[in-house]
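Chains as they are written, first to last, in my numbering: chain F, 2 to 332; chain H, 2 to 332; chain Z, 13 to 219; chain S, 13 to 219.
What follows is a set of in silico ranges between Cβ atoms, one per label pair, in the way DEER data are often shown:
no., chain 1, residue 1, chain 2, residue 2, range
1, H, GLY125, S, ALA113, 38 to 46 Å
2, S, ALA152, H, THR143, 26 to 34 Å
3, F, ARG226, S, PRO134, 49 to 57 Å
Treat the hints as calculated values from the structure; they're not laboratory data.
Nothing here was measured: the structure is a model prediction, and the numbers come from that model.
Glycine residues also receive a C-beta, built at the ideal position from the N, C-alpha and C atoms.
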Amino acid sequence: MKKFVNDPADVLAEALRGIQAAHTDLRVDAENRVILRAEPTRAGKVALVSGGGSGHEPMHGGFVGRGMLDAAAAGEVFTSPTPDQVLAATQAADSGAGVLHIVKNYTGDVLNFEMAAELAAAEGVQVESVVVADDVAVQDSTWTAGRRGTGTTVILEKIVGALAEEGADLAAVAALARRVSEAGRSMGVALTSCTVPAAGRPTFELPDDEMEVGVGIHGEPGRSRVKLASAREIAKLMVDPIVHDFGDAAGPAIVLLSGLGGTPLIEQYLLYGEIAPLLAEAGVDVQRVLIGDYITSLDMAGASLTVVKADDEMLRLWDAPVVTPGLRWGA
Amino acid sequence: MKKFVNDPADVLAEALRGIQAAHTDLRVDAENRVILRAEPTRAGKVALVSGGGSGHEPMHGGFVGRGMLDAAAAGEVFTSPTPDQVLAATQAADSGAGVLHIVKNYTGDVLNFEMAAELAAAEGVQVESVVVADDVAVQDSTWTAGRRGTGTTVILEKIVGALAEEGADLAAVAALARRVSEAGRSMGVALTSCTVPAAGRPTFELPDDEMEVGVGIHGEPGRSRVKLASAREIAKLMVDPIVHDFGDAAGPAIVLLSGLGGTPLIEQYLLYGEIAPLLAEAGVDVQRVLIGDYITSLDMAGASLTVVKADDEMLRLWDAPVVTPGLRWGA
Amino acid sequence: MSTDDLVAWIRAFRDAVTDHKDELTRLDSEIGDADHGSNMARGLDAVVAKLDPAPASPAELFKTVGMTLVSTVGGASGPLYGTLFLRMGPALPSPDGVDTAALGAALRAGVEGVIARGKAEPGDKTMIDALSPAIDAWDAAADDGPAAAARAAAEAAARGRDATEPLVARKGRASYLGGRSAGHIDPGAASSTLLLEALADTLAAAE
Amino acid sequence: MSTDDLVAWIRAFRDAVTDHKDELTRLDSEIGDADHGSNMARGLDAVVAKLDPAPASPAELFKTVGMTLVSTVGGASGPLYGTLFLRMGPALPSPDGVDTAALGAALRAGVEGVIARGKAEPGDKTMIDALSPAIDAWDAAADDGPAAAARAAAEAAARGRDATEPLVARKGRASYLGGRSAGHIDPGAASSTLLLEALADTLAAAE
Ligand SMILES: Nc1ncnc2c1ncn2[C@@H]1O[C@H](COP(=O)(O)OP(=O)(O)O)[C@@H](O)[C@H]1O
Ligand SMILES: Nc1ncnc2c1ncn2[C@@H]1O[C@H](COP(=O)(O)OP(=O)(O)O)[C@@H](O)[C@H]1O
Ligand SMILES: [Mg+2]
Ligand SMILES: [Mg+2]
Ligand SMILES: [Mg+2]
Ligand SMILES: [Mg+2]
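Okay, chain F solo, but in the shape it has when bound:
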């Protein structure tokens, strides 16, 4: 395993130590594995709390800061945080104005956040939850666990974080979060597996001439394995299902093309050069775009595309100042 690690069991604790050393405007609660803003939540401001398994950096800890999250609970690699962790994050972030839980739709995340919300309510904290389920690679059905939550989460945390910063109340913040969540669709492709430190070897074996289509962000195999294709063909494999799922994809949008951790930026740009004309063809009017590693799957080579249909309010809030390790502008 070619990684910067000491004991694989200590990866999370030690990465948190590095985050604390690097970012003086964040506070790391090492015991609970929670990343918080160094400044307590302003009285009256709704707090945004997210979290999930680690291995997706900068998400979520790297999105804590002014204009975005108030706290993030970091689970072990690819393992949802426990209710205790989420509760600690929730209580520490609450200013009395209530807390929005931003949850990606995985059984583990949903159950642990649910339990935490019950515990928090018992302690008198008002909690609303939004569950992001944007991955079009997964067929949705009431009989299944439903779609995974992926890239839309990043865009949602930015937009809704800006509204909370403006002082909107919990109901308004939660309503916008649901609106953004419903407006987003994602699709991911992996060229290699990733290696979970505790497992010590790649999660799956992928021959040199094959790739996985429709992967999530936990190193799981994708929906199908196909022959390795050109960037041009891959762009189509990513754009088509998103456009198809929208029904009508036309209109203004915010787009995120995220590397999965092992794919360098030059390839991400090349891929975006193929994606952009396909989106235009489908009528997607790309108003804002982010390219880089924002939601990752350890060291997996691959990329995921997210399209969020954005109205004027979303665009205005997108442009509002944000100061986090992972996303920063306007201040």
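Let chain F serve as the given structure and place chains H, Z and S with the ligands on it in line with the hints.
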């Protein structure tokens, strides 16, 4: 080769197309492979021009924008741009106030920028050059090509870009550039090789239990090959030679820990958690720190550490607004 | 059964999971995210660290186990295994004495709790496919005493685990693979089988 | 030698580099950055594209070749090979007629230009280690006519190329490897040998 590419010969041209599609405040001169700010250089402002082989993204094209570079010439992967490209960048960026060439110390970069500077001078453009040679893995000597230019380049482009934005003249801009260049030291470690698209296979083979110490950013093997070590030991292998080279490392500094392209952020933070106490022990007073992929070597797994001793002026200029795809704050 | 017997069960479960940690993670690599072995091992290590001194009663034991699993495992298995144990204590007819029927009732309550939380049905390719037949088998063999009931339950769990192999998952991460999830045993069904095998072994030794 | 002979030389050089592209890149992988083959091939393809219609004189040919290499190769080899050719034309006693002595003088001027630009000395493990002995061998064999001089030069270049193997590099990227650069042939010395072998083959065929 597990990459998002079409024809390997088109990697650069197609990546530039993606950059143009993504960034409306940049202008890509596709013929000359130059990335410019969309707005022409303000009259009286000294222009900063850099460039080099591609494969180091976001460097340099991703550092074009307000408060940093005015133009960047993008060579083929790991191949210095030609004099024509650099000349085109120089002429397009010059507002009449002169141009600073920021050159990393590689024979190819030095020769091509030298030729371009001669050509530009013949066209009446005032050009000054600074050559960054900060890599302590390489023994310096008048008989050799000298040290490589690596991470200090990023910090220099930011700081000197801010001074140019303030309206300083070419002599002052060049003087500060030399000061920053002399204040920086870097050291890199690779856990895997990278794969140059045109070559189609890894530049070198590295067994699972070995790593390369003292690598640059062109996928070349390092100064020595040793047994794979823990993050704690690797941190020492990076910090010690830098501290030793400074003689006295004590004092305020700006630190950059850059991934080399294939190493995810969680490992970079873990590594920084080991580096920070070693720097503190050596008296380095880390005033600002950047962690992430800023100067890369395609998809190489690894990291490089840069320490620039920073005085108050450098820190002030570091904090000034910057608006580029790769580095952004304050606006 | 004494509290000590039940503590021995939990310790035996921890040991079995430790022994099968890599195998559980390998199963989870095929159709999940390669962490089930480390998740369960981490949680059970934390549980065992809380068993000295031993809890005063079976009800207390189950509460400690459940709360510790919830707060140390994470993932899907943390709340689910946690719920299993948290529901067992309150379902005991008396908090102290435990006989075959009482433990059967507690196990049933636990499994129903898992179903309520996770909303999986038999056939969804989850731990329920091992747990559900196990509690039915327990009840059917209850008259033969705890060791026999536990052995029957363990055997039913193992059959249920093996029967997950051809299934297409409808719950948990494996559901994201669609048809590709068929052909692999569910990791949670495998760890649940270890739970019941540990119980059978412990009660056989106690006889 | 006619201009056509010299154009044929440049074409033959392009063909040789194309044939050895992967090998040049492999050599550059060992001690450099794995691009020498693609750099030279890209540049020489651009050069050959400019040779139709053929330049009017040897001096014009060398200028075209040099300028095209400078503006299409990049890296260290672009300015160095570019300089080699840019210095050759002006060193010709007359811009048109070229005899053995004249081409020898041009080559020497070119190599001196490379040394002036790159500041490498013989023994630094660069293309100079092939080029320097080659021009000396040319002069020594000049009385035997152009084909013989070129063959002698090519053979000297090949010996110089092979002699780079044990050297520790002091210039170019290979110098970053310190002692580890020993044990590998320098890629630029290999491409320079192709240049002179192409000349020898072309002039032998023209005889
Ligand atoms: N909704 C559910 N109901 C019952 N069991 C479930 C459910 N979802 C997942 N599981 C079980 O959890 C196991 C996976 O646990 P684990 O790998 O520890 O967590 P995660 O899936 O979060 O990585 C699956 O093999 C399955 O048996
Ligand atoms: N200073 C120098 N003088 C002469 N030749 C040099 C010098 N530096 C490098 N070279 C030659 O250039 C070759 C490498 O060319 P190439 O790989 O195309 O460029 P780069 O090193 O920029 O990647 C080396 O093998 C060496 O022969
Ligand atoms: Mg998990
Ligand atoms: Mg090169
Ligand atoms: Mg799992
Ligand atoms: Mg090279």
